[in-house]
Amino acid sequence: MFRYVALIKENWDRLAASITLEQGKTFADARGDVLRGLQVAEAACAGPEYMKGEILEVAKDMETRTYREPLGVVAAICPFNFPAMIPLWCIPIATITGNTLVLKPSERDPGAAMILAELAEKAGFPKGVINVVHGAHDTVNYLLDSPAIKAISFVGSNKAGEYIFTRGSANGKRVQANLGAKNHALIMPDCDKGATLDAIVSAAFGAAGQRCMALSVAVFVGETRSWLDELVAKAKALRTDAGFEDGADLGPVVTPESKSRIESLIASAEAEGAKLLLDGRGYKPAKYPNGNWVAPTIIANVTPSQQCYKEEVFGPVLVCVEVDTLEAGIELINNNDYGNGAAVFTSSGAVAERFRRNIEAGQLGINVPIPVPLPMFSFTGNKKSVAGGGASTFYGKPGVNFYTQLKTVTSKWSTASISPAKAELSMPTGS
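So the sequence shown is numbered by our numbering: it starts at 1 and just counts up by one.
Hints were generated in silico from the structure; no laboratory data involved.
Among the hints, erroneous ones may be present.
Here are the simulated DSS-like pairs of lysine-lysine, each with C-alpha atoms no more than 27 Å apart in a straight line [said to hold, decoys possible]:
id : residue 1 : residue 2
1  : K193      : K52
2  : K287      : K236
3  : K234      : K310
4  : K236      : K310
5  : K397      : K9
6  : K397      : K412
7  : K384      : K259
8  : K60       : K310
9  : K287      : K60
10 : K60       : K407
11 : K127      : K9
12 : K234      : K193
13 : K259      : K193
14 : K310      : K384
15 : K159      : K122
16 : K9        : K159
17 : K127      : K159
18 : K384      : K407
19 : K383      : K397
20 : K310      : K159
21 : K234      : K150
22 : K397      : K384
23 : K422      : K150
24 : K259      : K275
25 : K52       : K159
26 : K284      : K236
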């Protein structure tokens, strides 16, 4: 794993270039994609510590030990939006725990996964430990149905994820599936206005909004509703362009179908009475007029009944809602079906603590807009953001738990002199 980490660092720009070319995100953002996966590989270098079992002397001359054993063959079905990070959520943890991995990258941008498999071979991973398969529905169904595969990891849409969870679980597999989101940020009047607005713009429009932890709803509390004009000005200053262009802040969305769906949701907001403060439809950079372009879009006067609020947009669209109090903001967020993440911007410790205790989401940020934990912890979405009410255990100690089976062994070695005795048939009491 140490050699693998070194090779990823040596090929950082190569991986990022593949991501920008195939997926469209800016080169700087693609380098960040690689970094967040690399961090999981670095943490996996502590694999022996993660794999330690436990031992307890439970009675005289008797002890119980736990051992972690690999499941065998496991699979990972990866999305288009993080072509390096999501494979690297799976490759290091699956392999340090002794499993072999079948990796299915998105058919839209498989290049980074192929490079990562190549680097694993160069790092000395035994042949057959990392395997890459390509395809769409038929390939996924094969992985879900194959008796040889003991566990499935998936990141993607709710429709696909619920299908994968249901079919995989029915076939006796462990399945973890991270799904969609509708992440909210609660903006309190006592926050640092400039820093907060910058954070919202970055979290809403980075990667063209194609992140499951993108900030898609800004909840303005009280007087902060007057900050909308400044927010719009900051978003207008962003440059939408091809990922390799100097100064590009966000690139295109991934496919023409994605563009059409996003534009349809923007149109539905208008039709339902919301107000478009910034409309990114129709934008075309001069050098690349035929791309899948949607520029930053900000929609105000939104209510929870509107389609743009209820659906995950997965594009550079920020929905703005106004409430009068902290309590109303917390209630609004908790009524949302999804539970990946939420954030509050405040200078009050009391507000932050009330938010922490009462919000029903798996990952919370206090003055942090995208609270994705580092790999010492694990990704912890909940509600409809995780299939089947299951757990999200991709990395950290929970990841090791997912990829291993515990075996508990209780042993008795008598220290007394061995002499013939009558066999005891009653339940042992330890006395």
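Now the hints, each set against the structure:
no.	hint	in the structure
1	K193 x K52	47 Å, violated
2	K287 x K236	19 Å, holds
3	K234 x K310	25 Å, holds
4	K236 x K310	25 Å, holds
5	K397 x K9	24 Å, holds
6	K397 x K412	30 Å, violated
7	K384 x K259	24 Å, holds
8	K60 x K310	60 Å, violated
9	K287 x K60	79 Å, violated
10	K60 x K407	22 Å, holds
11	K127 x K9	22 Å, holds
12	K234 x K193	12 Å, holds
13	K259 x K193	32 Å, violated
14	K310 x K384	12 Å, holds
15	K159 x K122	37 Å, violated
16	K9 x K159	35 Å, violated
17	K127 x K159	34 Å, violated
18	K384 x K407	32 Å, violated
19	K383 x K397	21 Å, holds
20	K310 x K159	15 Å, holds
21	K234 x K150	48 Å, violated
22	K397 x K384	23 Å, holds
23	K422 x K150	45 Å, violated
24	K259 x K275	20 Å, holds
25	K52 x K159	37 Å, violated
26	K284 x K236	14 Å, holds
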